[in-house]
Amino acid sequence: MRRVVITGAGTVNALGADVPETLDAMREGRCAIGPLDIPDVDRLTIRIGAQVHDFDEGAHFNRQQIALFDRYTQFAILAAREAIGQAGLTFTGETAARAGVVLGTSGGGLNTQDQNYRVVYEEGKNRVHPFVVPKLMNNAAAAHVSMEWNLKGPSFTVATACASSNHAIGQAFQFVRSGMADVMVTGGAEAMLCFGGVKAWEGLRVMSRDTCRPFCATRSGMVQGEGAGIFVLEEYEHARARGADILAEIAGVAMTSDASDIVMPSRQGAERAMTGALRDAGLNASDIGYINAHGTGTAANDKTECAAVAHVFDRHADRLAISSTKSMHGHCIGATGAIELLACIMALRDGVIAPTANWQEMDPECALDVVPNIARETRVTACLSNAFAFGGMNAVLALRAT
Amino acid sequence: MKTEDIRSRVHAILAEQAMIDQTDVTDAASPADLGIDSMGVVEAIFAIEEGFDITVPFNANEPGKSAEFDISSVGAIVTAVEGLIARQRG
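Chains as they are written, first to last, in the numbering used here: chain A, 154 to 555; chain B, 116 to 205.
Simulated from the structure, these hints should not be mistaken for lab results.
Take these hints with a grain of salt, some might be off.
Stated by the list, open to error - Using C-beta positions, here's what the derived DEER-type ranges look like:
1) Phe284(A) <-> Ala147(B): 24 to 30 Å
2) Gly211(A) <-> Ala162(B): 43 to 49 Å
3) Pro173(A) <-> Phe161(B): 41 to 47 Å
4) Val194(A) <-> Met154(B): 42 to 48 Å
5) His282(A) <-> Gly198(B): 47 to 53 Å
Unchecked claim - Negatives, chain A to chain B, calculated, CB over 10 Å:
6) Ala170
7) Glu181
8) Glu235
9) Gly246
10) Thr248
11) Lys305
12) Phe309
13) Leu357
14) Ser373
15) Gln421
16) Gly429
17) Ala460
18) His464
19) Asp471
Positions of the beta carbon are idealized from the N, C-alpha and C atoms, including for glycine.
All chains, full assembly: derive it from the sequences and hints.
As structure tokens, this is what we get:
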């Protein structure tokens with residue numbers, strides 16, 4: 154079977170405008186959660202988030218592009234530019250035909266929807282900009298990435314709420330492994346921090362008003378973030394032949410469905426996804442040194458996820474490290490798995506495990522090594538990245554150092 | 116608003132959420148006794164906010180710890196709603 158490696162990584166998120174800035178912040182255990190700066194924030198109950206501040210779209214895009222690129226598309230393009238630039242690939246001829254892009258998102262162009270609902274409902278106007286539909290659609294970011302870099306193979310968007318980018322990366326991985334493509338650009342992008350986006354989440358009563366404290370006895374819920382994480386996946390021999398710098402290997406993936414509840418997670422669904430990813434990767438439980446947790450900081454997730462890890466890994470559960478970087482970059486919904494994959498690459502490549510920030514007090518129901526507050530230097534040869542979405546849709550990636 | 120009116124409307128909201136007859140709702144029962152799960156509680160609180168024009172401080176992550184809004188029993192909810200009406204609608 155063909156092997157699949159990561160040869161480029163890119164991001165924009167509240168921790169940093171690129172991968173080096175983001176990894177520096179994760180090493181420092183810096184939390185990017187703070188007051189939201191969005192219109193009508195005074196009408197929100199939840200007024201915090203991990204927002205990308207000082208983002209000047211005019212510095213990156215021209216007028217025509219801004220007319221077509223929602224904020225989530227802008228994040229995706231900038232992250233893709235960093236990732237494809239690092240990979241050092243140009244796509245022409247057969248290389249272009251055998252390359253595609255699969256991205257995850259949940260809200261798509263939600264800012265565009267929010268702004269244009271204001272125009273017609275609040276301002277009472279009867280006309281909107283002609284490009285509202287191509288700007289808001291969920292496949293806009295993937296489409297613009299394919300156009301910008303001439304990717305002519307399979308391209309589409311995956312929407313599985315909080316697991317979107319793990320499902321997308323898993324799908325892109327399968328394409329390269331199976332031989333359907335040689336190179337896939339993949340990851341996720343999300344920009345849900347607008348009045349309508351936050352107002353909808355408030356309703357569920359699972360959002361924190363202070364900060365995100367995953368696995369902590371004093372946790373108070375989740376905090377939303379935004380951004381994008383984009384990767385170049387490449388067939389191993391293809392990457393080697395051109396002397397590419399290999400960041401890590403994606404060794405396996407598993408996707409499962411709880412088939413039980415629309416919002417409450419199931420331990421069994423999470424367990425089957427982790428076990429399946431290990432099996433697909435040909436790894437033993439004892440090979441795993443780190444798990445990047447879904448770790449939302451809600452009572453429902455954290456207890457279920459820790460119980461699932463304890464059950465799957467048995468005695469090894471006490472020897473591995475598990476952390477939630479959502480404590481720093483927030484829950485970036487459809488982009489979150491992609492941004493969290495950066496922590497996995499850092500663990501495998503640099504031997505640094507990103508911490509669970511904001512942690513205060515042990516929760517007996519989360520009695521694992523959650524790497525509280527301070528990053529840890531240790532050698533990790535294989536890791537998992539968990540994503541367990543609303544809808545009971547789970548996707549776990551297994552990575553190996555190269 | 117009189118306590119009995121508040122009680123009756125809270126009972127009606129919880130009965131609708133639980134899909135049971137209002138006469139089967141008692142102050143001693145907990146939401147779970149009525150068959151209302153955690154998401155059902157969130158929906159019922161929304162209905163209470165809309166019905167009484169109040170804002171209920173409630174975090175689903177720590178339902179047992181919410182000192183401001185006790186949901187341990189139907190009677191506790193009635194008392195809490197009464198307090199919120201007094202404070203928020205004066």
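Hint check:
{"no.": "1", "hint": "Phe284(A) <-> Ala147(B): 24 to 30 Å", "verdict": "50 Å, violated"}
{"no.": "2", "hint": "Gly211(A) <-> Ala162(B): 43 to 49 Å", "verdict": "46 Å, holds"}
{"no.": "3", "hint": "Pro173(A) <-> Phe161(B): 41 to 47 Å", "verdict": "44 Å, holds"}
{"no.": "4", "hint": "Val194(A) <-> Met154(B): 42 to 48 Å", "verdict": "27 Å, violated"}
{"no.": "5", "hint": "His282(A) <-> Gly198(B): 47 to 53 Å", "verdict": "48 Å, holds"}
{"no.": "6", "hint": "Ala170", "verdict": "32 Å, holds"}
{"no.": "7", "hint": "Glu181", "verdict": "27 Å, holds"}
{"no.": "8", "hint": "Glu235", "verdict": "35 Å, holds"}
{"no.": "9", "hint": "Gly246", "verdict": "53 Å, holds"}
{"no.": "10", "hint": "Thr248", "verdict": "49 Å, holds"}
{"no.": "11", "hint": "Lys305", "verdict": "45 Å, holds"}
{"no.": "12", "hint": "Phe309", "verdict": "31 Å, holds"}
{"no.": "13", "hint": "Leu357", "verdict": "7 Å, violated"}
{"no.": "14", "hint": "Ser373", "verdict": "6 Å, violated"}
{"no.": "15", "hint": "Gln421", "verdict": "18 Å, holds"}
{"no.": "16", "hint": "Gly429", "verdict": "28 Å, holds"}
{"no.": "17", "hint": "Ala460", "verdict": "17 Å, holds"}
{"no.": "18", "hint": "His464", "verdict": "22 Å, holds"}
{"no.": "19", "hint": "Asp471", "verdict": "26 Å, holds"}
When the structure is compared with the earlier hints, violations turn up for hints 1, 4, 13, 14 and for no others.
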